[in-house]
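Number of protein chains: 2
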Amino acid sequence: MSKKLEEFNLIEKFFQPLTNSCEAAQNLSDDVAKISLKKDEQLIISKDLMVQDSHFLMSDGGFTIASKLLRSNLSDLASAGATPLHYLLGFSKNSKISEKFISEFAAGLKSVQDEFGLSLIGGDTVSSKQLFFSITIFGVAKKSKNLARGNAKDGDLIFVSGSIGDAYLGLQALNNKVEIADKKSLKYFLDRHFFPTPRINLGQRLLTKNISKCAIDVSDGLFADLKHICESSKLSAEIYQNKIPLSVEARKILQKNSKISAFDLSSAGDDYELIFTVEKKKSKEVEALVRELKLDLTCIGELKNSANKKFEISLFDEKNKKIKIKKYGYEH
Amino acid sequence: MSKKLEEFNLIEKFFQPLTNSCEAAQNLSDDVAKISLKKDEQLIISKDLMVQDSHFLMSDGGFTIASKLLRSNLSDLASAGATPLHYLLGFSKNSKISEKFISEFAAGLKSVQDEFGLSLIGGDTVSSKQLFFSITIFGVAKKSKNLARGNAKDGDLIFVSGSIGDAYLGLQALNNKVEIADKKSLKYFLDRHFFPTPRINLGQRLLTKNISKCAIDVSDGLFADLKHICESSKLSAEIYQNKIPLSVEARKILQKNSKISAFDLSSAGDDYELIFTVEKKKSKEVEALVRELKLDLTCIGELKNSANKKFEISLFDEKNKKIKIKKYGYEH
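Chains as they are written, first to last, in the working numbering: chain A, 722 to 1053; chain B, 722 to 1053.
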């Protein structure tokens, strides 16, 4: 009974305030949550798991771990053009976990909730030696519209939001595999690693303005996730290395450090940018989005019918010479 | 990449067949699942986690572990009167997990899906030393109706479905804490422990026929879960020990074994029966349900306004003497 009591205290103290008293949460006092939809809406759902020492370290701290968990899960909603609504939390704990950690974890969730208009509506808590956390996230989108990785067409242009590889450089810096002397740059890369920005606004506009029918978020790596589009849409991609958007900060690191290449940045993961495809005649609408969202949206190539049905990516350097892709993505 | 490839093979081989090609699953090729509802429906959602060595042993086998996971999660839907629809699976694996285990795990899910009309629509797979599994389950119910633990009223009768304590006796037998010589009895208790029957049909009828407004499933123990009703409804309960329904098999064990009491059976968990409350004038309708569902529904007492606002359970023996409840429920 004492464990159960502890569990109730945990929920009351830290998690109940995260419901924002929304009806769907049933005050977290029932075993179920309840969601109603408007007539023309569909529910968009994604579930993510994060495991200690694989996806996070306890030394990252509760605020950071919770933020990344929720932010990366929101990125799945962004790739479907959905508006965030609610989430369920699966929370594991053990005797090594402090109340401070849980309090910071809840604060991390709160900060992301406030930024994206989310509320907690339920979940489960358990004990485990190796900690793990799980989010099931819910968003809504118009029933009649569909943004999915299998919808690209022959001749579509391939766009990428923001910049690629910054999160990877953050991780490399943490692991002492690259030295980043400039403190402002270091903070930039670490923020990109720990606090990715799910491109919710972008996804919503791509969907509602009919600019794109096909998107994916970059979690495994630019090449790996573009390959998912190729395979699902049964097309091949031709992209140009020098068009892949890198941040000013990343370019500086590449100049100074011969061990890291632009290629490495595109075969790493955790960028949580969107790759999306656009009919050529709609490319002007993408330019308008760049101005509206104040977000870089860069065309890196286009999709083509595949003669050999291999649905591959051809990567070209600045001299139009084909570069072999030895590694597509990130392994956890 | 190899891990990721393995993950895709795992999904294609074992999990894709579980989608029954339903639209919501998007063929498991997208990061999101999509659910649409009819105008008068609401989505009922529950999330459960199970951790190795706490909620299951690997020696239980994949079929049994998956069955119990999905069956106990379905029980949450039953308590809300919902009709099962879909689920998301969180699946962890490590190098010790065999393909045979995963195949049996998938077969376990399949058997429950077929029995209750469910399909898999998405999820996530990760690696972890200590294994864990997570289900987010979805059902639908009429928007206008509501079965919840906080809806009981003063004077309502308290009913329990089926029998209480069988799962506990199964667990005690497994742990060699009670000897059950009769093989048929042993199988009965083990089946009740490993393969609980979520009372979906009962929950649906309580809701749609307006027989009850308040229900909970017995996962923590009869006393513990009835106490949840008391606290949420702000009422006290008066119940009678000798009315608590026990199976013929359980009564035999109690007769033979002085170490186990009827009290123990009601303070254990994992029964997955429903406790529900009914206005006195509707008790005839419960009798009709017993005949229709061929399921025992037993009145064990009633709910009363609480003078001291303590919202407690008073348990009486056959001589109307109050028995102190020293332990309410089960600790994992």
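Calculated from the structure, these hints are not laboratory results. It cannot be assumed that every hint is accurate.
One copy or two, either will do: identical chains are not told apart, so a pair holds if it fits within one copy or between any two.
[Claimed, not checked] Here are the simulated DSS-like cross-link-like pairs (lysine-lysine), alpha carbons at most 27 Å apart as the crow flies:
#, residue 1, residue 2
1, K1001, K814
2, K905, K1031
3, K1048, K964
4, K955, K734
5, K898, K821
6, K1043, K831
7, K734, K1031
8, K973, K1002
9, K905, K1045
10, K734, K1030
11, K850, K1001
12, K759, K864
13, K904, K1040
14, K863, K1031
15, K1045, K874
Each hint tested on the structure:
no.	hint	verdict
1	K1001 with K814	neither (51 Å within a copy, 43 Å between copies)
2	K905 with K1031	neither (43 Å within a copy, 57 Å between copies)
3	K1048 with K964	within (19 Å within a copy, 67 Å between copies)
4	K955 with K734	between (50 Å within a copy, 20 Å between copies)
5	K898 with K821	neither (31 Å within a copy, 40 Å between copies)
6	K1043 with K831	neither (47 Å within a copy, 46 Å between copies)
7	K734 with K1031	between (54 Å within a copy, 21 Å between copies)
8	K973 with K1002	neither (35 Å within a copy, 79 Å between copies)
9	K905 with K1045	neither (34 Å within a copy, 65 Å between copies)
10	K734 with K1030	between (56 Å within a copy, 22 Å between copies)
11	K850 with K1001	neither (53 Å within a copy, 48 Å between copies)
12	K759 with K864	both (10 Å within a copy, 12 Å between copies)
13	K904 with K1040	neither (35 Å within a copy, 77 Å between copies)
14	K863 with K1031	neither (33 Å within a copy, 48 Å between copies)
15	K1045 with K874	within (24 Å within a copy, 71 Å between copies)
This entry does not satisfy hints 1, 2, 5, 6, 8, 9, 11, 13 and 14, going by the numbered hints stated previously.
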